[in-house]
Each structure stands twice: as structure tokens, then as C-alpha cells.
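Engineer: For this one, chain P is given, so just place chain U on it according to the hints.
Residues per chain, in single letters:
2 protein chains.
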Amino acid sequence: MKSGELTLALIQHGMGADVDANRTASLDGIAEAAARGAQLAVLPELHASEYFCKYQDPALFDLAEPLDGITRRLLAEAAADYKMVVVGGIFEHRAPGLAHNTAIVLECDGSLAGIYRKMHIPDDPGYNEKFYFTPGDLGFEPVDTSVGRLGVLVCWDQWYPEAARLMALAGAEILLYPTAIGFDPADDEAEARRQLDAWCIIQRAHGVANGLPVASCNRAGYEPDRSGGTYNAEFWGHSFVCGPQGEVLAEADAASEVLVCSIDRGRSETVRRTWPFFRDRRIDAYDGLTRRFGD
Amino acid sequence: MKSGELTLALIQHGMGADVDANRTASLDGIAEAAARGAQLAVLPELHASEYFCKYQDPALFDLAEPLDGITRRLLAEAAADYKMVVVGGIFEHRAPGLAHNTAIVLECDGSLAGIYRKMHIPDDPGYNEKFYFTPGDLGFEPVDTSVGRLGVLVCWDQWYPEAARLMALAGAEILLYPTAIGFDPADDEAEARRQLDAWCIIQRAHGVANGLPVASCNRAGYEPDRSGGTYNAEFWGHSFVCGPQGEVLAEADAASEVLVCSIDRGRSETVRRTWPFFRDRRIDAYDGLTRRFGD
Chain P
4 MKSGELTLAL IQHGMGADVD ANRTASLDGI AEAAARGAQL AVLPELHASE YFCKYQDPAL
64 FDLAEPLDGI TRRLLAEAAA DYKMVVVGGI FEHRAPGLAH NTAIVLECDG SLAGIYRKMH
124 IPDDPGYNEK FYFTPGDLGF EPVDTSVGRL GVLVCWDQWY PEAARLMALA GAEILLYPTA
184 IGFDPADDEA EARRQLDAWC IIQRAHGVAN GLPVASCNRA GYEPDRSGGT YNAEFWGHSF
244 VCGPQGEVLA EADAASEVLV CSIDRGRSET VRRTWPFFRD RRIDAYDGLT RRFGD
Chain U
4 MKSGELTLAL IQHGMGADVD ANRTASLDGI AEAAARGAQL AVLPELHASE YFCKYQDPAL
64 FDLAEPLDGI TRRLLAEAAA DYKMVVVGGI FEHRAPGLAH NTAIVLECDG SLAGIYRKMH
124 IPDDPGYNEK FYFTPGDLGF EPVDTSVGRL GVLVCWDQWY PEAARLMALA GAEILLYPTA
184 IGFDPADDEA EARRQLDAWC IIQRAHGVAN GLPVASCNRA GYEPDRSGGT YNAEFWGHSF
244 VCGPQGEVLA EADAASEVLV CSIDRGRSET VRRTWPFFRD RRIDAYDGLT RRFGD
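For the record, the sequence lines run as chains P and U.
According to my numbering, the first sequence holds residues 4 to 298 in order.
According to my numbering, the second sequence holds residues 4 to 298 in order.
Watch out, some of these pointers could steer you wrong.
[What the hints assert, rightly or not] Quick list of in silico lysine to aspartate or glutamate cross-link-like pairs, EDC-like style, CA-CA up to 16 Å:
| # | chain 1 | residue 1 | chain 2 | residue 2 |
| --- | --- | --- | --- | --- |
| 1 | U | LYS133 | P | ASP283 |
| 2 | P | LYS133 | U | ASP60 |
| 3 | U | LYS5 | U | ASP267 |
| 4 | U | LYS133 | U | ASP60 |
| 5 | P | LYS86 | P | GLU35 |
| 6 | P | LYS86 | P | ASP112 |
Don't read these hints as lab results, they were simulated from the structure.
The structure presented is a predicted model; accordingly, all values stated were derived computationally and were not measured.
Next up, chain P with everything else stripped away, as it sits in the complex (with noise of 0.2 Å):
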């Protein structure tokens, strides 16, 4: 693991129906992280686009972009400009009716340093994932860059513990969550409120139960359901990062925002010989955890 301080900036941002401004606005976030110092940059989940998933629509497949396409290149530019590992998240065309939700990992130099394509695809009214993204076939492999091991997960992962622990196993250094998750406006306060802390505390506790900082990179604001449906959706923004503790470092709230924050990776050491978990888990009694049900 590496040690020393680690800046990283989260470009907490919204988007509209203007791809161009979209990638303007994450440009500019990464230029201010770059202008704070941040070592590390993490955009939102799928950030050139407004959220389409909201219904289905073939034709919305035309957003779609190979590995080396536009957004790459461009956050290879800034990556190189600024001297700074980004980590953007694309719709990745991989073939005629094979595209997948990818987050992209650009090292300092601009170089692509690997790629992670989600796991878990989520599908609900308003975020009809299945649709659109075939379901990542690379695993849960973290991706090496000069500023350490990145544990890159995105959004639906987030709920759950074996992605963050196989993560951790496999050297991870940081967990990484590129994410798009918004209220439904048909909720009640007390609703939201309870997605919004239960969205909070499963990453911590991902966090204290592999020993690791977290960081949720989450988009922002008013997104209207452009099929003529009702599935709005208002990002509830609130990135945030955490120590091995799951302990709040850094916390924005439902704005537009580049969330700066040093993390101190030695942490990880000190705070992993207290709660020494990795210790203790009873590997010859988790064949279950691959399994369905228990039925």
C-alpha cells in the first residue's frame, strides 16, 4: 500500500440534454480539482449524458460510445494537462447490441490504466439498467495507477458487500463509486430520508468492514423524464468521502460542487491491526455466499 497523503477531488455535477455541456462541466470540474490539487479526480457515474435509463428507447443506444471515443480522449487530455489520474465513467459500445456501463481510468500521463465495467445492474421504474447495459464480465479487478490500487465500483455495486470486499482482497486500496442516484418524487420525506442515509451508510460500513477510504461520486439535480413519462428524477447529489472507519472526511450536499479531500493512506495499516477482519473470516464457511438461496 502506499502512504502519505492522497488528495482527491469529486466533480459533483448535473447534466442536461447537451452532451457538449455536459462535457464541458465535468472539464471545468476536473481544471478546478486540478487548480486545488488534487491528485485524483472521480466524475459521476455516465456523466456525459443526461440519466437515460429513466425509460426505454432503442434509439438512445446512439449515446453509445466505443472505449476510445470522445469522452476518453478527453479526459486523457485533462489527465495529461493537469498531471492527474481522472476516472470517468462512459456507455460503452462494445458491439452491435452489447454496451455496458464502464468506468474508465486515465493515468497521469493520459494513458488508459484500465478499465471496470459494472457489475450489478440495477433495474427499477425510472432506472431501467437491464435495457440498456449487459452486465460486466471483467470481475471485480482493481485498477493500478500512480496514486495507488483503485477499487473502481459503480453505483448499484454499492449495495453490496462482496463487490467492496472482493475489491479489498484483491488489493484495493480505495474504494471508488462513480454513481447516479436520485429521489423518487413520489416519496415522502421520511422516505427520503432513509434512501439517502441507507445510500450513506452501506458505503461507510464497506469502508470500516475492509479498512479502506471510500469515495461516492454521486450527479446532481433535476433531470426531467423526457419520454413524456413521470420518472423525473432529482439527484440527491451528497458525495462523500470516508476514512478506514467508515469516519465522514468530506461531505457535499445536494449542489453542483468539486469536493476536495486529503485522505491519509497510511490509515489503512494502523486502523487494520486494531480490527484486524481480514484475520478472521471464516473461509471454509462462505460457499453459501455463491449461491442464489437458501432453499
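Structural biologist: Chain U only, in chain P's frame:
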């Protein structure tokens, strides 16, 4: 799954050197729980004695008792008297040189519904459990009772998402954690706060990840290190109950208290429809969870 309300009580109390007094405190708590309408009472881990694992002493194995020993008999009588399911914890003498940290579940007619032998065994300064307790050999099997299928785990298990998940996959309707955890007097206030927060959020996160209510019953109060050493312990109490979104329903502070809480068992069905995490588990990609580490 059962529907309707379940009223449960967490009997958070302190322990001293007088074992009879400890048993009386447990039984008094059960009586109060019954008077307040509880159908299920949960006691702290090893509630008949002080937490004896502060240091290593072969003589302390005298505290161990067989599965049909006095603690079970007393709890069975109380369960039958009050027609209540009772979850207690014993230092189980299984054979010479073979002891377990075991939770016992008494049915409301006083019969033994089942047991759980603590699977994850800690070993830290002041918590020398690997000296006393053989790791459990019964796996993560819920116990069926008249108030539902109980996912009974013990203390250190609470840091392991694997344990919670396996109980949930085996059909547990609620997770119960008899516990003994406290502050190290050498830690400063900020560290103590981080530890208590981490303990709360990881258990609440098991509720979120598995769409289940969770109840954790800790011991309370100061216990001296009777070896003359420095491992005095201040057990932090803070027993709590949360619902299937991790929402806190009831919470004790640091003092002894019978915490009574009613939970709506139907909420797991509702919450899991909105957050169908079980549906999307990547059981094809979880083999690595049975490995010690990835290197």
C-alpha cells in the same frame, strides 16, 4: 416470512464478579420485558459473568457450563413463565479443552429452539477470545422459533458482511447480535466516537444490504481487569434496533436499560421490492470470497 408486529426487548445490563447477581439482573430484565409486552428478549453476550477474556487464565474455564447447564435452565424457566422467546449467551463447555461462545435460543415453552456457536473469534489486547473459544462449527444457520426465523450471530460476527448475508440467504427474518464491546480507556474521545459510530453503521448496513431488521444487545458499564493488568473495560451499551433500510427504531445510551421496540415484519417484503439486491447478486463472480487474499 411472518407478518404483523414483533415486539422485542434488548436487556442491556452490566455484570460484576457475582455470577448469581448477574443472572438475577438478566432474569429481572426478562420480567420487565414481559411486563412491557415483549415476545422476544435478547440478552448480551456471556451475560452470566464479567467479560473474562481481558486476560488469559486457565482457571477461568471454570466459568464454562454445558449446554444443559444452569443458565439455560434459568432462561428456559423464564421463557416458559412469560411465554416469550429468549436469546441468551453461554460459555459452553463442550469437552475438556473445547469450549465455545454460544448463543442459545429458548422457545416460549422453555424448550431449546436451537443454538449458534460464534464463528468469528477476535483476539485483541483485552479481548483474548482465541484462548477461550473454539471457532463455531455449526455455520450460519438461523434458528426457527414461534416468533420467526432468527439469524442469531455474536459480537465479532457483526463486523462481517458475509455472516449477515449467509443468515439472510438461509431465510433469517431478523438479525440478532448479543454483544460485548467497549472502549479502550487508552483511546481519546475522537477514536472512541469513531469506533462506536463504526459499530452502529456496519450493523445498520447489514439491515440495508439484506432488507432485514437488526437488533444488537450490548453489555453496559465498567469492569476492572482482575488480573491486575490495565485492560479495564468500559462497555459502551448503545444497544439498538433498526429496520430493513437501516433506519434506527430504538436506541439505548450507555446505561443499563430494557429497550423495548416493535417492528413491522411486513416491511422486509416492501423494502426488498424497491431494493431487490438479492435479485442482482453476481453469484457467478463471487468465488473469490472464499479466498484468504488475492495475492
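Engineer: Hint by hint, note whether the structure agrees.
Structural biologist: Do the hints match the structure? See the list:
1. LYS133/U to ASP283/P: holds, 10 Å
2. LYS133/P to ASP60/U: With a Cα-Cα distance of about 58 Å, the restraint between LYS133/P and ASP60/U is violated, given a limit of 16 Å.
3. LYS5/U to ASP267/U: holds, 10 Å
4. LYS133/U to ASP60/U: holds, 12 Å
5. LYS86/P to GLU35/P: holds, 13 Å
6. LYS86/P to ASP112/P: holds, 6 Å
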